[in-house]
Amino acid sequence: MRDIVRIGREHLVASGPAALSLRAVARDLGVVSSAVYRYVRNRDELLTLLVVDAYDELGDAVDSAVEENAEPPEQFRQLGQAVRAWALHEPARYALLYGTPVPGYEAPGEQTIAPGTRVIVTLMTILEKSHSGGPRASTPPATSDEAGSAPTGRLTADFSRIRDEFRLTLTDDALARAVLAWAALFGAVSFEVFDQYGPDTFTDTGALFELHLEHLAQMAGL
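Final position of the sequence shown in UniProt numbering is 222; the numbers increase by one with none missing.
Check the hints yourself; a few may be wrong.
Listed next, the in silico SDA-like pairs over lysine to any residue satisfying Cα-Cα at most 20 Å (straight line) [to be verified]:
#1 LYS129 <-> HIS89
#2 LYS129 <-> PHE209
#3 LYS129 <-> LEU88
#4 LYS129 <-> LEU49
#5 LYS129 <-> GLN196
#6 LYS129 <-> LEU168
#7 LYS129 <-> GLY187
#8 LYS129 <-> THR201
#9 LYS129 <-> ALA26
#10 LYS129 <-> THR203
#11 LYS129 <-> LEU155
#12 LYS129 <-> GLU90
#13 LYS129 <-> ALA70
#14 LYS129 <-> GLU45
#15 LYS129 <-> THR112
#16 LYS129 <-> LEU97
#17 LYS129 <-> ALA174
#18 LYS129 <-> ALA24
#19 LYS129 <-> SER190
#20 LYS129 <-> ASP200
#21 LYS129 <-> LEU208
#22 LYS129 <-> ARG118
Derived DEER-like restraints, expressed as beta-carbon distance ranges [claimed, not checked]:
#23 GLN196 <-> ALA14: 22 to 28 Å
#24 THR203 <-> ALA19: 33 to 39 Å
#25 GLU71 <-> GLY198: 31 to 37 Å
#26 ALA14 <-> SER132: 24 to 30 Å
#27 VAL13 <-> ALA183: 22 to 28 Å
#28 ASP200 <-> THR171: 39 to 45 Å
Think of the hints as simulated: they come from the structure by calculation, not from any bench. Where a beta carbon is used, it is the ideal one built from N, C-alpha and C, also for glycine.
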């Protein structure tokens, strides 16, 4: 199975996810295609293996980078830098996770949700640690312009469910900020990986990303 995933990775880089073929994987392994079908029934199962493999490697990179005894703002910076570093080193695999969906493929939740939420769970843990750490780590007070932005209706129920699922004490406002930090973090990484800034806009994207992390940390109440 490890060899199938390894060859699948190589084909993902060379041809993209839509062009993955079990027959081509079998050819590169030096076996008949029926031998591969005993382990992986079709292209979608191969894609799922690659998706889980990529999520797990990204999660491992973040876990290794985030120091247990560091303060939450530094942990957030470590998490963000680990995501960026992995994405820039593995652009094809990052694109499989966060790029254009593969036509005709729907990832099975029972196999992909747990590995796919590892980074956000770590992020929520950091924010929970920060917001429960005392007044200096609390969410910035809302301004008069923000007074009417409190979630209502189904969104309130969603936040309540998320709190229960992840055993959080974050307020609705803090959860909203956490989700925005999550989306903005991966948005900033995606802009760089997919070259959305263009070749001549920023000469030091690493410094730009550090600045983004600082602003996101403040916005998230770190």
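Hint by hint, here is what the structure shows:
For the proposed pair LYS129 and HIS89, the alpha carbon gap of about 30 Å is over 20 Å, so the pair is violated. Note on LYS129 and PHE209: the hinted pairing is violated, with a Cα-Cα distance of about 24 Å set against a maximum of 20 Å. Between LYS129 and LEU88 the alpha-carbon distance is near 29 Å, which puts this suggested pair outside the 20 Å criterion. Between the alpha carbons of LYS129 and LEU49 the distance comes to roughly 33 Å, so the proposed pair goes past 20 Å and is violated.
At most 20 Å may separate the alpha-carbon atoms for a hinted pair to count; LYS129 and GLN196 exceed this at roughly 34 Å. Restraint check for LYS129 and LEU168: the C-alpha separation of about 10 Å stays at or below 20 Å, so the hint holds. Straight-line distance between C-alpha atoms of LYS129 and GLY187 comes to about 24 Å, which puts the hinted pair past the 20 Å bound. Among the hinted pairs, LYS129 with THR201 is inconsistent with the structure: their alpha-carbon atoms are about 37 Å apart, more than 20 Å.
A distance of roughly 48 Å separates the Cα atoms of LYS129 and ALA26; the hinted pair therefore is violated under the 20 Å criterion. Proposed proximity of LYS129 and THR203 is contradicted: the alpha carbons are some 35 Å apart, above 20 Å. For the hint pairing LYS129 with LEU155, the CA-to-CA distance comes to about 23 Å; that exceeds 20 Å, so the pair is violated. Simply put, LYS129 and GLU90 have alpha-carbon atoms about 30 Å apart, too far for the 20 Å limit, and the pair is violated.
Taking the CA atoms of LYS129 and ALA70, the gap is about 11 Å. The hint holds against a cut of 20 Å. At roughly 38 Å between alpha-carbon atoms, LYS129 and GLU45 are farther apart than 20 Å, so this suggested pair is violated. The straight-line distance between the Cα atoms of LYS129 and THR112 is roughly 26 Å, outside the 20 Å bound, and the hint therefore fails. For the proposed pair LYS129 and LEU97, the alpha carbon gap of about 28 Å is over 20 Å, so the pair is violated.
For the hint pairing LYS129 with ALA174, the CA-to-CA distance comes to about 12 Å; that is within 20 Å, so the pair holds. Pair hint LYS129 plus ALA24 does not hold up; C-alpha atoms about 48 Å apart against a cutoff of 20 Å. For the proposed pair LYS129 and SER190, the alpha carbon gap of about 27 Å is over 20 Å, so the pair is violated. Among the hinted pairs, LYS129 with ASP200 is inconsistent with the structure: their alpha-carbon atoms are about 40 Å apart, more than 20 Å.
For the given pair, LYS129 sits about 26 Å from LEU208 by alpha-carbon distance, which is inconsistent with the 20 Å threshold. Between LYS129 and ARG118 the alpha-carbon distance is near 17 Å, which keeps this suggested pair within the 20 Å criterion. Remark: the range hint 22 to 28 Å for GLN196 to ALA14 is upheld by a beta-carbon distance near 23 Å. For THR203 and ALA19, the Cβ-Cβ distance of about 35 Å falls inside the hinted range of 33 to 39 Å, so the restraint holds.
The beta-carbon spacing between GLU71 and GLY198, approximately 36 Å, falls within the hinted interval of 31 to 37 Å. Checked against the given bound of 24 to 30 Å, the beta carbons of ALA14 and SER132, roughly 47 Å apart, lie outside it. Evaluation of the 22 to 28 Å hint for VAL13 and ALA183 yields a pass: the beta carbon distance comes to about 27 Å. The given range of 39 to 45 Å is respected by ASP200 and THR171, whose C-beta atoms sit roughly 43 Å from each other.
This entry does not satisfy hints 1, 2, 3, 4, 5, 7, 8, 9, 10, 11, 12, 14, 15, 16, 18, 19, 20, 21 and 26, going by the numbered hints stated previously.
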